[in-house]
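S.K.: Sequence:
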Amino acid sequence: MTIKDSRLLLCCFLSAALFAWTLRLASEWEEKLAVYPAGIDLTYDQSSEDEEEEEDEGEEEAREQVVRKKTETGTSQKVWKAGGMFNAQYHFVNFNRDKLDVSFSMPAEYYRKYLTGYGYTDEEYSALKKWRETAYRAAWEAGYERGGKPAAEKAVKEVGVEYETRLRGMFYKRGLALRTGNIVECDMPGIVRRNAPELKSLALAFQAHAKKNGYGSEDTVGAVVSMVQTAIRYKIPPTLEGTRHTGGLLPPARSLLSGWGDCDTKTGVVASILANWSGIKMVGIAVPRHYLMAIRRIPGKGDMFVRYEGLEYVLIEPAGPAWLEPGSVGKYTAELLKSSKGYVIEPFF
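Residues in the sequence shown are numbered consecutively from 27, following the working numbering.
Since the hints were made in silico from the structure, they are not lab data. Here the structure is a predicted model, which means the values were calculated and not measured. Heads up, a few of these hints could be off.
[As the list claims (entries may be wrong)] No farther apart than 25 Å at their CA atoms in a straight line, the calculated lysine to any residue pairs in the SDA-like style are these:
#, residue 1, residue 2
1, 155, 125
2, 139, 194
3, 125, 194
[Claimed, not checked] For each label pair, taking beta carbons as the anchor points, the in silico distance ranges come out as:
#, residue 1, residue 2, range
4, 322, 163, 46 to 54 Å
5, 173, 364, 53 to 61 Å
6, 131, 219, 39 to 47 Å
7, 123, 327, 56 to 64 Å
8, 365, 172, 37 to 45 Å
9, 368, 326, 22 to 30 Å
10, 138, 327, 31 to 39 Å
11, 173, 373, 40 to 48 Å
12, 230, 157, 19 to 27 Å
13, 244, 268, 19 to 27 Å
14, 209, 141, 48 to 56 Å
15, 237, 157, 33 to 41 Å
Cβ coordinates follow ideal geometry from the N, Cα and C atoms, glycine included.
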């Protein structure tokens, strides 16, 4: 073997070693990527009111269930599929003690497409990582040939940036967000903005009740809140359904057409309905293992509120099953808000 051949062999060996080292760094970064443990969900025994959770069986199929609360009777839900449509009907009592009902429907084919817009599958994630590995190798080889190790490292770094951009883009399109520390969480502001038009028909149903009963804005907001608190059952969604990672949240239309949801799911439903009225300003409130929201208005006497950008936002706790008017939250939630860990405000609109 000539000296030239030896040098060529050594260069190939070093190039392969450096490329393998680069891939290992990317792999170590990947291992740190994690879905937030149990989402930011409040466990059932910590929800707004201690009541026994009912087992959920076949929630996607036709069923009718009456749920009675300590504060009112007449609350019920019916969810069914017929004629190529998914349907839901809710009977509830608002804070004025009026018995109301609203309905929501979505074509089955459209609903299936809607669901694919949330969460991501292992297959999709693997395909993105496979693209990265192929792109890394091609970038390294082209860069090394063009300008040696410095050019190769620069090319690989550019691929890494492109990969992270694609990864964040995939999460964003699926109602998720990649946070500091590579933690994947639900993108509540994005979910609310996307679902406002999806839930417009439901907003119009509440508006019809408001017109019929002479409700002002506060009574109308209260009707939406009371329905979600009491007629939609409290249950924590799984973070993994088959190979689909959900982030521990049901998108609003699925929650309505399934009849259940947890704290952040129910917050998404309330905020998506209210977002159909112009001029309403809302923020999400993330506290340790719980999620609620607040609406911009001047607090009344005894109302709990937060300040955001110099303005007061009155707290709303959609989780239920307690019947809590805007300005009131559960005892456990009040303790969380006052704790040293504090809370994070996410503007919806």
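S.K.: None of the hints should be skipped; say for each whether it holds.
M.R.: These are the hints, each one checked on the structure:
Only pairs whose Cα atoms come within 25 Å are accepted, and residue 155 paired with residue 125 is rejected, the gap being roughly 53 Å. Proximity of residue 139 to residue 194 is assessed by CA-CA distance (about 21 Å); at most 25 Å being required, the pair is judged to hold. With a C-alpha separation of about 44 Å, the suggested pair residue 125 and residue 194 falls outside the 25 Å cut-off, and the hint is violated. Range check, residue 322 to residue 163: about 52 Å between beta-carbon atoms, so the 46 to 54 Å window is met.
Here the CB-CB span from residue 173 to residue 364 is close to 58 Å, well matched to the stated 53 to 61 Å. The given range of 39 to 47 Å is broken by residue 131 and residue 219, whose C-beta atoms sit roughly 22 Å from each other. At about 21 Å, the CB distance of residue 123 to residue 327 disagrees with the hint of 56 to 64 Å. With their beta carbons about 56 Å apart, residue 365 and residue 172 fall outside the hinted range of 37 to 45 Å.
For the hinted restraint 22 to 30 Å between residue 368 and residue 326, the CB-CB distance of approximately 24 Å keeps it satisfied. Range check, residue 138 to residue 327: about 48 Å between beta-carbon atoms, so the 31 to 39 Å window is missed. One distance hint, 40 to 48 Å for the beta-carbon pair residue 173 and residue 373, holds here, with the actual separation near 46 Å. Separation of residue 230 from residue 157 is about 44 Å and departs from the stated range, judged on CB atoms against 19 to 27 Å.
One distance hint, 19 to 27 Å for the beta-carbon pair residue 244 and residue 268, is violated here, with the actual separation near 43 Å. One distance hint, 48 to 56 Å for the beta-carbon pair residue 209 and residue 141, is violated here, with the actual separation near 24 Å. Separation of residue 237 from residue 157 is about 53 Å and departs from the stated range, judged on CB atoms against 33 to 41 Å.
The structure fails hints 1, 3, 6, 7, 8, 10, 12, 13, 14, 15 (numbered hints given earlier, in ascending order).
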